[in-house]
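*Asks:* What follows is each chain in one-letter form.
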Amino acid sequence: MTNSKGYADRNQYGKDSCLHEAVFFSQNEEEEGLNVKQEAVAGTIGQPIAPAQPRIQISYMRFLYVNKNAKWAMLILLPILLLAFLAPALPLQAPLESNIRASLNAPSLEHPFGTDKLGRDVLSRTLSGIKVSLFVGFSVALIALAFGIVLGTVSGFFGKTTDRMIMGVVDIFLAFPSLLLAIGLVAILGAGTVPVICAIALSDVPRFIRLQRSLVLSLKSRTYIDAARTVQAPQIWLMAKHIVPNTIAPLLVAASIASANAILIEASLSFLGLGILPPEPSLGNIIKDGQMYLQQAWWISTLPGAVILLIAISLHFLSDGIREELDPRARK
Amino acid sequence: MDKGAAAGTIDRNADIPGSANQPLLQVRDLHTHFFTESGIVKAVNGVSFEIQRGERLAIVGESGSGKSAMAMSLIQLIAYPGKLVSGSVRLDGKELVGLSEAELNKLRGSAIGTVFQDPMTSLDPVMTIEEQMVLPIRKHLKLGSKEARKHALGLLNQVGIPDADKRISSYPFEMSGGMRQRVMIAMALSCKPKLILADEPTTALDVTIQAQIVELLKTLTETTGSAMMFITHDLGLVARFAQKVAVMYAGKIVEYGTVDEIFNSPRHPYTQSLLKTIPSVSGEKRVRLLQIQGFPPDMKLPIIGCSYKERCPAASERCNNDSPELMPRQGRQLAACWLKNGLMTEGYESITTQLSRGELNALTKQERVNTADAAGVITTERSALPVGANEGDATRINAFVADDANIVLQITDLHKHFKKTSMLPWKKDSEIRAVNGISFKLRRGETIGIVGESGCGKSTTARMLLKLDEPTGGRIELNGNIQIVFQDPYSSFNPKMKIAEIISEPLDVRKIGTKEEKQLIVRELIQKVGLDPSYLERYPSQLSGGQRQRIGVARALALNPTVVVADEPTSALDVSVRAQIINLLCDLKEELKLSFVFISHDLSTVRYISDKIAVMYLGEIVEYGAAEEIFVNPAHPYTKALLAAVPVPDPKIEASRSIELLKGELPSPAAPPAGCAFSSRCPQVTVLCTERKPALQEYLERREVACHAVS
Chain A
1 MTNSKGYADR NQYGKDSCLH EAVFFSQNEE EEGLNVKQEA VAGTIGQPIA
51 PAQPRIQISY MRFLYVNKNA KWAMLILLPI LLLAFLAPAL PLQAPLESNI
101 RASLNAPSLE HPFGTDKLGR DVLSRTLSGI KVSLFVGFSV ALIALAFGIV
151 LGTVSGFFGK TTDRMIMGVV DIFLAFPSLL LAIGLVAILG AGTVPVICAI
201 ALSDVPRFIR LQRSLVLSLK SRTYIDAART VQAPQIWLMA KHIVPNTIAP
251 LLVAASIASA NAILIEASLS FLGLGILPPE PSLGNIIKDG QMYLQQAWWI
301 STLPGAVILL IAISLHFLSD GIREELDPRA RK
Chain B
1 MDKGAAAGTI DRNADIPGSA NQPLLQVRDL HTHFFTESGI VKAVNGVSFE
51 IQRGERLAIV GESGSGKSAM AMSLIQLIAY PGKLVSGSVR LDGKELVGLS
101 EAELNKLRGS AIGTVFQDPM TSLDPVMTIE EQMVLPIRKH LKLGSKEARK
151 HALGLLNQVG IPDADKRISS YPFEMSGGMR QRVMIAMALS CKPKLILADE
201 PTTALDVTIQ AQIVELLKTL TETTGSAMMF ITHDLGLVAR FAQKVAVMYA
251 GKIVEYGTVD EIFNSPRHPY TQSLLKTIPS VSGEKRVRLL QIQGFPPDMK
301 LPIIGCSYKE RCPAASERCN NDSPELMPRQ GRQLAACWLK NGLMTEGYES
351 ITTQLSRGEL NALTKQERVN TADAAGVITT ERSALPVGAN EGDATRINAF
401 VADDANIVLQ ITDLHKHFKK TSMLPWKKDS EIRAVNGISF KLRRGETIGI
451 VGESGCGKST TARMLLKLDE PTGGRIELNG NIQIVFQDPY SSFNPKMKIA
501 EIISEPLDVR KIGTKEEKQL IVRELIQKVG LDPSYLERYP SQLSGGQRQR
551 IGVARALALN PTVVVADEPT SALDVSVRAQ IINLLCDLKE ELKLSFVFIS
601 HDLSTVRYIS DKIAVMYLGE IVEYGAAEEI FVNPAHPYTK ALLAAVPVPD
651 PKIEASRSIE LLKGELPSPA APPAGCAFSS RCPQVTVLCT ERKPALQEYL
701 ERREVACHAV S
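Residue numbers (full-length UniProt numbering), protein chains in the order written: chain A, 1 to 332; chain B, 1 to 711.
Since the hints were made in silico from the structure, they are not lab data.
Be a bit skeptical, because a hint or two may be false.
DEER-style ranges, computed between Cβ atoms [said to hold, decoys possible]:
hint : chain 1 : residue 1 : chain 2 : residue 2 : range
1    : B       : 419       : A       : 163       : 19 to 25 Å
2    : B       : 501       : A       : 161       : 32 to 38 Å
3    : B       : 124       : A       : 150       : 36 to 42 Å
4    : B       : 475       : A       : 160       : 25 to 31 Å
5    : B       : 470       : A       : 248       : 28 to 34 Å
6    : B       : 523       : A       : 245       : 21 to 27 Å
7    : B       : 88        : A       : 245       : 47 to 53 Å
8    : B       : 320       : A       : 245       : 21 to 27 Å
9    : B       : 445       : A       : 150       : 36 to 42 Å
10   : A       : 163       : B       : 420       : 17 to 23 Å
11   : B       : 39        : A       : 280       : 21 to 27 Å
Keep in mind it's a predicted model, so treat the numbers as computed, not measured.
Just so you know, even glycine gets a beta-carbon here, dropped at the ideal spot from N, CA and C.
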């Protein structure tokens, strides 16, 4: 029944293939429609009312308990977050405190992740780096969401010249590989947390604008928009009441992927010496520190690397979980 | 359900005289369940029937009654998570249940052909017709590629595709809906099947095209000797097309018989009621339509007793405990009801007379009047509120008073031309005249029906009336406020908004009333459309199609409109729900003195509800006048053809009708024929018609017709 529609949608979003999760959203409503067909026929006055069917909606507690992907994501992410924020309270050496005599120590009870060249505790630095990395990841996602929603909605809703201008700029930015764009921007702005966030967000914002625009285009012709137009609802009303609320869900999926991506790019930038400046630890620059000692001290690069991997994986699990929750058919 | 009872059915069927020859298809106690997360849906729950060679059987039922699941079970193509649980399907004596996938694949497409509802989804959009047709022919008939192509061409000719040798290399998107459905039929026929399964094959098509396709299927089954199982919810089509009818309800066949038996002497209360929910085709008009109350049972729960008992006015104690099986009545008719003649059984006549007079609804109607009175009070209160909508209308009202105080809507020479500018400077801009100079007047409390094929400009007219599109010419003069009820109750509500928010949205936008006043108005509105206020806290996805359409009506009423445009308000609904919505609109028309612009291709509904009718063809009105006159005595050849194309739910009328089919399809509005727009399809076309365009002229006092042949 939804076949033809699904096909068309897929074509439409084809260009934003990196974010094609969005495809599922527009079929969702129809799916809901099918679910209630059983109910049929009206409950006229004086008639018993059919029992309410459970609405397909993200109920957060249920989401975390029932959704397998989300559960895995939280099983990994929560302990990491907990450790990162409780780090100062743990019996660990401070991240910046060095002890030359204990340099390049292998992992032990005292230093579970070992120590680096300057004798700093790698676990303590990693935990501190996680905070920086997650901050970068979530900031980038938030910035991308904010710009994406505003510009994408405006572009898709008004169309014509507005759309052409915004899309022109977006296409120019999309033509650059995101890492190169970030490197270029950091070279101009200088290294540090804020420039890194700006640099990464700059490459994500155009993607979000495109995604939001394509969602808006498919929503724009919905009958309920026409219904609101017939009572002369102002444009801002249509966008705020009818369009944006219906695009939030697929955007969240994209945002969780974007934050994982941002963490990886931040690590790459730091690794290249363009990211967070030492001595402040970030997962990337810890790995860079260890690069020279890979032969003698594998733990300096490998263990923070594993943490990046875990965070990225769990964020992807999370996005899968959100997607499944929005599209009941994706559930096995 | 009950094995013993089902076995009984088998025996009885075997006893029926005349079935000594082995039937083509024998289905016995078929059960198909859908194993969903929230429980097992017993979509097909013990179905047994037979199809003889060359016989056309129609399966009728509401959506959710298991018709499609049953058809798909026969060829074992059930969508996940459905599964054929038990039963037997014998084709030509050969058991199909339990065959391997490979053996089934051989049967599908060769012995059994299928035609689905939407040809666009069943044809592969990236393959040409030839590629899609030739492969199965080569595989099943073991022909070489050249012979297979020849065979395919022959089939396309047979199903009436002009220029078949050119059309065969086109892609599905290059063809019209009717052509695609013809291709689907050609494909279904390609391997000379013994049985064709058609699942709502004409639902997605226009009436005139539907008539062509039905006629085609009829002649094809007669010439090829294929039997056909035809799923539909259109009782008119059944009367026109089928020989036998099986009525399904809640996963079971509740009544089975020949077309005449089912239409003339239905025995099951469900069939009896169903036939009364459709507007009658002739005789007295405006008899309140029967509404089947209540809901079909939840197929996840076990059904104890008769599945129809909750909705049946004649249900007794026995119905609560014992489930009636199909039992023989007169002739070959079978019905699953304890009463011999359903609602017509002796001792139940009171119900029957009540039913025919619609008195069973008296209670609900009384309640409606009460709410209407209450609403009247509110309405006067509301008119004291500042209503922004009526600003600026004052001048228009003055303009009207001179003419006719009762006219609420007047459109004069309305045009909507869509221009398509080409990028190439030497190419001329093409222009599509979607609406090309139409005029009509609507008085208070009057309903005008606009009918015509899709693409005739009905919906564009509606959009202009609602100011969703700007007209390119002409005037719309409106006294008061205009609102719309949309066709599709599924897409016309924001899924993220509660019903209360949806109904009050017009008030919110116009900033009418305080929060408390708005709540009060919303409660009044939802009661006015016959729903319980507890629905206000729900989301649209929690309502059924009919309930949603009621909400659509409530939303349209929120701003106290004088005119309501209803754009195909019932075409997305089930037959039994249609009657409810039509009754609701009729009630509102009386209570609130509303004027309706009723757009539909369902002519019997239009006839039922309209006072005036405008027949549109290619953006122009070709006939305009009093509804009853046009239906009884159509003047324009197009109106005649349109009326002939609509199947009537009465097999006697259908059998006696000589159906004059319209040739061809609607011409492209970008290149309409010269002279009269209808000249390319008109059976009475003359040279004059292709040269001069006929103007809309007075005809028989109360009508206007645009045709050279009529004067």
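*Asks:* Hints broken by the structure, by number, lowest first?
*Replies:* When the structure is compared with the hints, numbers 8, 9 and 11 turn out to be violated.
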